[in-house]
Amino acid sequence: MDFRTPDIDWAALAPVLVLMGTSAFVLLVGVFLPRGARRGFSATFTALGLLCAAIAAGILFAQDETASLTLRESIWRDRLAEMAQILVCGAGLLAVGVSYWERRAPVDDDGTEAPADEHERIVELYALLLAAVGGMAFFVQADNLMALFLGLEWFSIALYILTAISVHRLSSLEAGLKYLIVGSFGSAILLFGSAFVYGATGALEFRAIAEASGDAERLFLVAGLALILVGLAFKMSAAPFHMWTPDVYQGAPTSITAFMAAATKVAALVLTMRVLTTAFPGEEELWTWGLAGIACVSLVWGNLAALVQTDVKRLLAYSSVSHAGFLLMPIAAGNELGGRALLFYLVSYAAMSVGSFAIVAARERELRRPVTLENLGGFGWERPFYGVTMAVFMFGFIGLPPAGLFLGKFYAFAAAYERGWTWLVIVGVLGTVISIYYYLGVIAAMYMRPAEARVAPAGGSPPRDLPLATTVFLALIVTVGSLVAADPLIDLMRDAVASLTFPH
Amino acid sequence: MTTALILLPIAGALLVWLLPWPTSRAAGGLALLVALAELFLWIVAVRGFDFGSGTLQQGADVTWFADLDASYKVGLFDFSLWLVGLTAFVGVAAIAYGMWAGRERPRAYFGLLLFLTGATIGVFSAQDLLLFYLFFEAMLIPLYVLIGVWGGTRRAVATVKFIIYTMAGSLLMLVAVIALGLANETFDLTRLQANDNPWIFLGFVAAFAVKAPLWPFHGWLPDAYREAPTEVAALLSGVVSKTAAYGLIRIVLPSFPEPVVDFRTVILILASVGLVYGSLLAFRAHDVRGVIAYSSLAQMCLIVLGIFANNASGLDGALLQMINHGLVSAALFLLAGAIERRTSTARLELLGGMARGRPLLASLLLATGVIALAVPLSSAFAAEFLILNGVFDRGWGYAVVGALAIVLAAMYTLRLISAVLHEDVGSAVHPQALDLRPAEVAIIGALVVALVALSFWPAGITDHAFTAVLSAR
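Chains A and B, in that order, give the protein sequences.
Letter by letter, the first sequence follows residues 1033 to 1536 of this note's numbering.
Letter by letter, the second sequence follows residues 40 to 512 of this note's numbering.
Simulated from the structure, these hints should not be mistaken for laboratory data.
One or more of the hints may lead you astray.
[To be verified] Derived list of chain B stretches under chain A, where covered just means 3 residues or more per stretch with a C-beta under 8 Å from a C-beta of chain A:
1) 91-105
2) 172-178
3) 200-212
[Unchecked claim] Sample of chain B residues at the chain A side, in silico, Cβ under 10 Å:
4) W56
5) W60
6) P61
7) R194
8) P293
9) L399
[Said to hold, decoys possible] Far from chain B, some chain A residues (derived; all Cβ distances over 10 Å):
10) I1040
11) L1060
12) V1063
13) R1153
14) V1199
15) L1202
16) A1248
17) A1255
18) V1262
19) E1315
20) W1321
21) E1414
22) K1441
23) V1461
From the three backbone atoms N, C-alpha and C, an ideal C-beta is built for every residue, glycine too.
One chain only, chain A, in its complex shape:
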């Protein structure tokens, strides 16, 4: 039997391979180490692995002038994927800092001491984190529907387990189960849609779908496209497919929430842009309007629901739903400006998401209970650095300087305006106006509420948490830096989306 293996461009797979290799290494070696050494070992190697993967993606980014297919018809080697890989690795790197001391001060729902062992499952946590990042790195390279589904399941399964990894906490287990069920539902819908598209066009590869769609069965093609969109909307937690988001964000360990909020959004949105522009250019009328609709629903629903939240993680979860709306605007605009806008927005948004959840984690470790607007009282004055940084993030989510999201929002609105959709911009503006109330609520809770009845453990300052503080500082640097150094960043994003052709 004649069997030929395809030519494989191993270099293009380097980021994914590095991540998976490190994951295996951490998992296999970690178990043989004494318990006390595991945390330092696994965190160090995870950070190193993420850094190497990011550097590998960066080198590829510098080399790849033009996009090319590698591993025929299933994996892209292009700057869009590499940029997304850098972002995802960056989010993972920040998450390592957040998670480092998470087990030392376990959080319990009712504030009682939890009997958890601080060394328990630490190796698994980092190995799974690496696997999740690896899955996302693979996902954003996908060029056919099977690779897409494979990548999606790959990182999703890692995230399901990570969500439930705080086994001593009921809410974590509950969140994991919910995420598993709802997430699998979303994946099933995506798979269903893929089957329809395959049935209609007889192709799995994105550009082949585009070519075959001319004489494809319209009904199946359109139904397939709609179902794929819904499946992806589940992952980016856009309303009305966001039902899992608040529960999962609230229940998951805060470091994992921080990672999910940033990285999943990056991966899902970048891939959505790629699928829609490469595989369905002929149906652009359909998906641009569809995405605009989803964006509007997310903006309205996310912001309104966030108004009534008291748990800060839950509040930020709804804020993430509303930002899915903002992030969909530039994709819906379907122009090149929108492509740049999406990536630029994602940089500061990812940094701010990780940063704000990291600060929530800092407060959580002081209190050893979930952070609410109530027990945030006086936090800003007690911890000036975290307080000011959180204020910068909250003002930034609104779209105020000095955060890069000021420009990100401007860019997203500009993209929608260039498409001629002033109405969408107006919806975005209304969403922002609503959002002011709850973002300011967080700042008001930190600074304008007396620190009534200190719930913090009595006496002494809380344990120093250098990795966490470093993470927050890095997130702040990226957030403010993307405003100051907008020009080079936007040039990079222009290169990143150069391989896509936009319908408008």
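For this one, chain A is given, so just place chain B on it according to the hints.
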């Protein structure tokens, strides 16, 4: 030079925040020093300014991002120079007063005051639409925290109202900025083409109408002015509100010649109504700050009247009145603060008879009040005369309303003066309540001296402004 004017207060703010200061006096002292240096820097800028040329001067232009052609472009026109000076001057007075009055958490407080000053100067000198918008938004952050943390008992409501009103306005402006910038393919203010899209025009006007505020967009005003700490209220009504008037002059008038004419009647009518309405409310207000707050509303409407007269006389008058009202309302708010410190109230029915044995308070309040009500020979009189003269061209009705408003201004100012200084001694006025202390006299006195100087020589400003606009006509 302009960059230095913007960056000095912001760098000063960072110093105050980041360095460990042993005492609260040290932090406040450094802030005051920075504010004084800023004033000095402004004087240097004035000396180096060529008033005849009417061009953009002492500027800087650095690419911010080339993608949509937005840049860090700053510079000063002759009229913006005066507003920068007003900001620097009132900034010094506010910080000095805050230092004298003593505030909790001084590092945060004085840093925010400096930051606010820097952002406001940024608004007055930005020559790029996006940069203008950036500074315009950046002003909100210190104001929110200053009122929300150090404000009065009802500060929570006041801040939320203030921020949501102004953000709603300025987000509409964001849409307008995007539309105008993309239509021109640049955000450079000096290269904008005339645009005739009424919606874009309205987007800008909405933001400025809220910020000024213009009737009927003043819902946030009474609460914010009442709850803000004294010197923050002084900055807010004296300086920050002027950014709106400046925006109308710098962006709306040159960029939208056609819509300005189309909507002139509507805006002039709104301004006239606001002028009378604000004056009447000021007359009816039951507390000192209420009188000042509503009189600010009236005065801003008067300024808008002058701006939308859109002729030399109207613009000159509007600018002069902007400076003038900036100084007057800052002085009045600081005086209100002085009264509140002595009586723990601002309610007019509890006040009265404070002139007896307190000559300094009485004379400063009287002097400020007399200038505020535009007696002949005062700078306010000159400004209002110019505005009325300008708006007369657009219809005598506006001038009549304006003249009526001057009468109303006399009514509410005299009512304020008599309710505080004269009549029977109010129940809240303790016989031993002190006269103004030397520091208060120095701070408020400086503002009053500036007003008197301006009264002697209003042409110092009117002859040195709008040379570009006038030569373009």
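Results for each hint:
1. 91-105: holds (count 4)
2. 172-178: Since three or more residues must qualify, the claim that chain A covers the region 172-178 of chain B holds, with 3 doing so at under 8 Å.
3. 200-212: holds (count 6)
4. W56: 8 Å, holds
5. W60: 13 Å, violated
6. P61: 17 Å, violated
7. R194: With a closest approach of 7 Å, the R194 of chain B hint holds.
8. P293: Violated, because the Cβ-Cβ distance from P293 of chain B to chain A comes to roughly 22 Å (cut-off 10 Å).
9. L399: Violated, because the Cβ-Cβ distance from L399 of chain B to chain A comes to roughly 36 Å (cut-off 10 Å).
10. I1040: 37 Å, holds
11. L1060: About 46 Å separates L1060 of chain A from the closest Cβ of chain B, which puts it past 10 Å; holds.
12. V1063: With a cut-off of 10 Å, V1063 of chain A remains clear of chain B, as the shortest Cβ separation is near 45 Å.
13. R1153: At about 40 Å from chain B, R1153 of chain A clears the 10 Å cut-off, so the statement holds.
14. V1199: Non-interface label stands for V1199 of chain A: nearest chain B Cβ at 41 Å, farther than 10 Å.
15. L1202: 35 Å, holds
16. A1248: Given that every Cβ of chain B is farther than 10 Å from that of A1248 of chain A, nearest at about 37 Å, it holds.
17. A1255: With a cut-off of 10 Å, A1255 of chain A remains clear of chain B, as the shortest Cβ separation is near 36 Å.
18. V1262: V1262 of chain A clear of chain B: closest Cβ-Cβ about 30 Å, beyond 10 Å.
19. E1315: Its Cβ never comes within 10 Å of chain B, the nearest being 27 Å, so this holds.
20. W1321: Its Cβ never comes within 10 Å of chain B, the nearest being 21 Å, so this holds.
21. E1414: 12 Å, holds
22. K1441: About 8 Å separates K1441 of chain A from the closest Cβ of chain B, which leaves it inside 10 Å; violated.
23. V1461: Answer for V1461 of chain A: violated, closest chain B Cβ roughly 4 Å.
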